[in-house]
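Colleague: Take a look at the letters that make up each chain.
2 protein chains.
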Amino acid sequence: MSSSFEKVDRSLEKNLDSSIEELKRLVAQKSISAQNIGLSECAQLVAGMLEKRGFQVKVNPTAGAPIVTAEKKGKSPKTLLFYDHYDVQPPEPLELWLSEPFKPEIRDGMLFGRGVSDNKGNIVNRLFAIDAILETAGELPCTVKFLIEGEEEVSSANLEDFVSSHTQELAADACIWESGGVDQNDVPTQYLGLRGICYVELEVETASMDVHSGLGGTIFPNAAWRLVWALNSLKNEEEEVLIKGFYDDVLPPSDEDLLFLKALPDTAEEYRTRYGVKEFLLGMRGGMDLNFAEVYKSSCTICGLSSGYQGKGSKTVLPSKASAKIDFRLIPAQKPEKILELLRNHLDAHGFEDITITYLGGESPSKTSASDPFVQLVVNTARDVYGMPMQIVPMSGGSGPNFIVQEALHLPIASLGAGYPGTGAHSPNENIRIADYLKSAKYIVRVLDAFGRE
Amino acid sequence: MSSSFEKVDRSLEKNLDSSIEELKRLVAQKSISAQNIGLSECAQLVAGMLEKRGFQVKVNPTAGAPIVTAEKKGKSPKTLLFYDHYDVQPPEPLELWLSEPFKPEIRDGMLFGRGVSDNKGNIVNRLFAIDAILETAGELPCTVKFLIEGEEEVSSANLEDFVSSHTQELAADACIWESGGVDQNDVPTQYLGLRGICYVELEVETASMDVHSGLGGTIFPNAAWRLVWALNSLKNEEEEVLIKGFYDDVLPPSDEDLLFLKALPDTAEEYRTRYGVKEFLLGMRGGMDLNFAEVYKSSCTICGLSSGYQGKGSKTVLPSKASAKIDFRLIPAQKPEKILELLRNHLDAHGFEDITITYLGGESPSKTSASDPFVQLVVNTARDVYGMPMQIVPMSGGSGPNFIVQEALHLPIASLGAGYPGTGAHSPNENIRIADYLKSAKYIVRVLDAFGRE
Numbered sequence: 001m002s003s004s005f006e007k008v009d010r011s012l013e014k015n016l017d018s019s020i021e022e023l024k025r026l027v028a029q030k031s032i033s034a035q036n037i038g039l040s041e042c043a044q045l046v047a048g049m050l051e052k053r054g055f056q057v058k059v060n061p062t063a064g065a066p067i068v069t070a071e072k073k074g075k076s077p078k079t080l081l082f083y084d085h086y087d088v089q090p091p092e093p094l095e096l097w098l099s100e101p102f103k104p105e106i107r108d109g110m111l112f113g114r115g116v117s118d119n120k121g122n123i124v125n126r127l128f129a130i131d132a133i134l135e136t137a138g139e140l141p142c143t144v145k146f147l148i149e150g151e152e153e154v155s156s157a158n159l160e161d162f163v164s165s166h167t168q169e170l171a172a173d174a175c176i177w178e179s180g181g182v183d184q185n186d187v188p189t190q191y192l193g194l195r196g197i198c199y200v201e202l203e204v205e206t207a208s209m210d211v212h213s214g215l216g217g218t219i220f221p222n223a224a225w226r227l228v229w230a231l232n233s234l235k236n237e238e239e240e241v242l243i244k245g246f247y248d249d250v251l252p253p254s255d256e257d258l259l260f261l262k263a264l265p266d267t268a269e270e271y272r273t274r275y276g277v278k279e280f281l282l283g284m285r286g287g288m289d290l291n292f293a294e295v296y297k298s299s300c301t302i303c304g305l306s307s308g309y310q311g312k313g314s315k316t317v318l319p320s321k322a323s324a325k326i327d328f329r330l331i332p333a334q335k336p337e338k339i340l341e342l343l344r345n346h347l348d349a350h351g352f353e354d355i356t357i358t359y360l361g362g363e364s365p366s367k368t369s370a371s372d373p374f375v376q377l378v379v380n381t382a383r384d385v386y387g388m389p390m391q392i393v394p395m396s397g398g399s400g401p402n403f404i405v406q407e408a409l410h411l412p413i414a415s416l417g418a419g420y421p422g423t424g425a426h427s428p429n430e431n432i433r434i435a436d437y438l439k440s441a442k443y444i445v446r447v448l449d450a451f452g453r454e
Numbered sequence: 001m002s003s004s005f006e007k008v009d010r011s012l013e014k015n016l017d018s019s020i021e022e023l024k025r026l027v028a029q030k031s032i033s034a035q036n037i038g039l040s041e042c043a044q045l046v047a048g049m050l051e052k053r054g055f056q057v058k059v060n061p062t063a064g065a066p067i068v069t070a071e072k073k074g075k076s077p078k079t080l081l082f083y084d085h086y087d088v089q090p091p092e093p094l095e096l097w098l099s100e101p102f103k104p105e106i107r108d109g110m111l112f113g114r115g116v117s118d119n120k121g122n123i124v125n126r127l128f129a130i131d132a133i134l135e136t137a138g139e140l141p142c143t144v145k146f147l148i149e150g151e152e153e154v155s156s157a158n159l160e161d162f163v164s165s166h167t168q169e170l171a172a173d174a175c176i177w178e179s180g181g182v183d184q185n186d187v188p189t190q191y192l193g194l195r196g197i198c199y200v201e202l203e204v205e206t207a208s209m210d211v212h213s214g215l216g217g218t219i220f221p222n223a224a225w226r227l228v229w230a231l232n233s234l235k236n237e238e239e240e241v242l243i244k245g246f247y248d249d250v251l252p253p254s255d256e257d258l259l260f261l262k263a264l265p266d267t268a269e270e271y272r273t274r275y276g277v278k279e280f281l282l283g284m285r286g287g288m289d290l291n292f293a294e295v296y297k298s299s300c301t302i303c304g305l306s307s308g309y310q311g312k313g314s315k316t317v318l319p320s321k322a323s324a325k326i327d328f329r330l331i332p333a334q335k336p337e338k339i340l341e342l343l344r345n346h347l348d349a350h351g352f353e354d355i356t357i358t359y360l361g362g363e364s365p366s367k368t369s370a371s372d373p374f375v376q377l378v379v380n381t382a383r384d385v386y387g388m389p390m391q392i393v394p395m396s397g398g399s400g401p402n403f404i405v406q407e408a409l410h411l412p413i414a415s416l417g418a419g420y421p422g423t424g425a426h427s428p429n430e431n432i433r434i435a436d437y438l439k440s441a442k443y444i445v446r447v448l449d450a451f452g453r454e
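Protein chains in written order, with the working numbering: chain A, 1 to 454; chain B, 1 to 454.
Worth double-checking, as some hints may not be accurate.
All copies of an identical chain are treated as equivalent in the list; a pair is satisfied when it fits inside any one copy or across any two copies.
[As the list claims (entries may be wrong)] Each computed DSS-like pair below joins lysine-lysine, with the alpha-carbon atoms no more than 27 Å apart:
(1) Lys321 - Lys278
(2) Lys312 - Lys30
(3) Lys297 - Lys321
No lab work stands behind these hints: they were computed from the structure.
With these hints in hand, go ahead and build the complete structure from the sequences.
Modeller: Now the structure itself:
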């Protein structure tokens with residue numbers, strides 16, 4: 001089977017460096033959705049890259065960041081849709097980066113920079129594969145469409161409206177999702193779904209100004225204490241979310257999913273080494289316990305806390321304001337809108353009417369069945385590139401707008417990307433391994449080929 | 001009685017503007033002890049100001065900021081010691097200042113700038129009074145000494161060693177403390193003591209890096225949650241500190257002190273208006289409840305919280321680090337060293353061995369009796385300047401190193417300053433009213449005179 005891809009693989013190997021250079025240019029264009037930095041500029045850059053390959057491209061304005069759509073006809077009547085995003089996470093904390101986040105740099109066979117993995121690397125990687133096909137075959141094996149948004153890292157607030165009002169334009173037979181790659185043992189891994197998310201900011205204000213703690217400490221309400229007590233009411237040390245009704249809509253995992261989770265390797269040692277975690281929650285030691293908890297539990301995670309004086313040394317001040325950022329990860333069939341409502345009810349019922357909630361975005365959980373024919377095609381195609389069978393993870397711990405594509409376009413979704421567990425997405429020193437990048441492009445070539453021949 | 005001070009009062013009125021100019025120059029010299037900014041420079045500036053008045057001055061090096069001591073002989077054999085400090089609180093949050101904190105500015109009869117009240121204003125005010133006496137009488141009515149440190153805002157870490165090894169040099173008959181002034185009704189007020197303090201930073205680190213919350217949220221410990229649960233274990237919503245033994249050494253207030261507290265005016269409306277506080281803790285409505293709780297309760301105040309992402313919008317990150325700054329205000333006879341030990345025991349007993357404690361400084365509570373003859377002199381002298389009797393507050397809610405002076409030098413301590421409740425010490429837009437500043441200097445003139453004639 002390999003021989004038929006010899007020419008296209010040679011093309012990829014020959015053009016690897018120039019593709020990495022193109023990726024560097026895309027990474028250098030800041031596009032931080034949480035801070036509304038550089039989004040339009042980045043959308044234009046992506047559009048230009050697609051046009052260069054002969055795609056019909058639109059940069060669609062939305063209430064937030066523009067959405068880039070593109071289409072190029074291929075040989076077969078079938079259509080494959082790539083979902084990607086050009087926005088990235090904020091680079092902070094900056095002091096932990098070994099090189100500038102927006103000045104990508106190659107070290108030890110890896111490319112470092114914010115977004116090289118999540119998800120600019122995959123955008124350029126798909127174009128890299130398409131270039132090689134066009135160079136060697138002259139045309140695409142199937143019609144290829146792109147849906148590239150700029151608000152994935154802030155819960156895709158404008159994607160649902162856009163997709164549901166452009167179903168004709170986006171119509172396809174299957175969808176390749178943004179992320180994916182290999183696990184800690186370099187085994188290619190297929191993620192069949194994403195958890196949902198409900199992201200909120202809790203804020204409380206107890207006075208119009210900060211006050212000397214010697215004056216107010218025993219008579220004025222303290223915003224930081226109010227916040228601590230409210231947070232404490234949300235989750236106990238046994239990791240149980242205490243919000244009434246929180247778990248009501250949770251569905252049990254299928255037997256098939258449990259089998260896939262059991263078949264996955266033990267990640268404990270990998271996590272300990274990579275992240276410096278000394279122990280896991282609730283005494284978990286690894287294996288199926290970790291595999292299951294990582295994706296099949298809903299969560300309440302404090303992502304940030306802020307109040308009062310945070311500088312060096314001591315300042316005796318009673319804070320008048322305090323805030324916390326929280327994400328709830330959701331599993332089928334929890335819905336972010338309902339969680340938001342339950343949270344408000346909970347705070348009110350526990351005497352925290354003074355705590356305001358700002359909804360910063362939500363996404364429903366969603367997954368494709370492992371027995372879907374498109375999933376089977378993607379899974380079976382991997383072996384030729386990676387030299388071993390692909391493993392299936394029924395759901396990934398992260399979140400994304402896949403539910404929108406699934407619900408509005410009724411597409412099976414499989415994931416495919418150049419990532420690996422050390423990729424540091426959302427963290428300092430985000431990186432990809434260049435060898436993975438090449439393999440991922442070879443894999444795309446094969447998936448497009450198989451899909452066109454089906 | 002007033003007539004005998006006519007000449008010196010005229011001198012003060014004539015020289016008011018130039019004294020304010022001198023104060024502006026002192027305020028413009030940053031001296032932020034929490035951030036170790038400008039301390040030596042400020043000590044030198046203060047020393048020069050004292051030398052200008054003919055004081056014998058020493059700038060004494062310590063392990064931290066220099067301590068300035070000064071002495072000038074006077075007519076009587078008695079000696080009065082002024083305790084002041086040249087360091088100031090950090091100016092943050094900068095965005096709330098209407099003018100630059102270190103570029104003092106006069107608006108509406110008030111002088112704004114960091115330290116104009118706490119405590120640079122009082123330093124220059126004492127010199128202002130001394131200038132007027134020297135100009136009109138040619139000599140001081142008693143010997144005057146100064147003890148001016150640069151670490152008051154960070155718990156005076158080096159003062160105790162210095163004072164106890166310089167008892168001869170600092171020997172005096174009485175001491176005037178740094179703060180003081182009038183209350184919300186412009187009634188002159190005598191504070192006879194300060195609560196103690198134990199200031200700590202709690203920190204926890206659960207991993208070597210922040211992790212994508214979609215990966216770690218349900219399997220890795222979360223530093224922010226560890227901190228929230230630990231804090232929650234320290235104090236309940238009824239404001240009870242839950243640390244075992246915390247209240248063991250608390251002494252009941254004397255009957256005399258309770259009478260003074262009852263005689264104080266109701267501060268509720270003043271606090272509501274000035275600080276925008278909607279309600280007080282524990283349903284207190286004002287009057288004696290507030291007066292008592294403000295000073296005669298020990299506290300556990302969160303002064304700052306910090307963890308994870310605090311920027312705009314959402315970032316889905318699991319924080320590996322979290323920290324809180326906490327001050328415990330102490331009442332007689334609680335001791336900071338013991339509180340620190342009890343806190344460690346508490347955290348360990350509640351499963352929070354992972355929370356580290358950094359001791360950022362402590363001071364014992366201390367007070368002088370209202371029946372002390374020096375206190376009586378200071379209290380009775382006020383009427384001539386303020387036109388009404390002075391009220392006595394048996395203890396102030398703030399903290400300071402008065403216990404060091406009291407224990408090592410065995411001095412009665414009274415407070416005297418140019419402050420008022422809107423002074424905004426430790427807050428943005430710190431200010432003094434220039435009319436108060438003039439009165440305070442007139443008051444010092446009279447106290448020195450009475451003390452010399454005793």
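Colleague: If a hint holds in the structure, say so; if it does not, say that too.
Modeller: So, going through the hints one by one against the coordinates:
1. When the C-alpha separation of Lys321 and Lys278 is checked against a cutoff of 27 Å, the pair qualifies only between copies, where the shortest distance is 14 Å, while the shortest distance within a copy is 33 Å.
2. Only between protomers do Lys312 and Lys30 lie at most 27 Å apart by alpha-carbon distance; the minimum there is 16 Å, versus 31 Å within a single protomer.
3. Taking the shortest alpha-carbon separations for Lys297 and Lys321, only the inter-copy value of 23 Å comes in at or below 27 Å, while the best intra-copy value is 32 Å.
Going down the numbered hints, you'll see the structure goes against none, and every one checks out.
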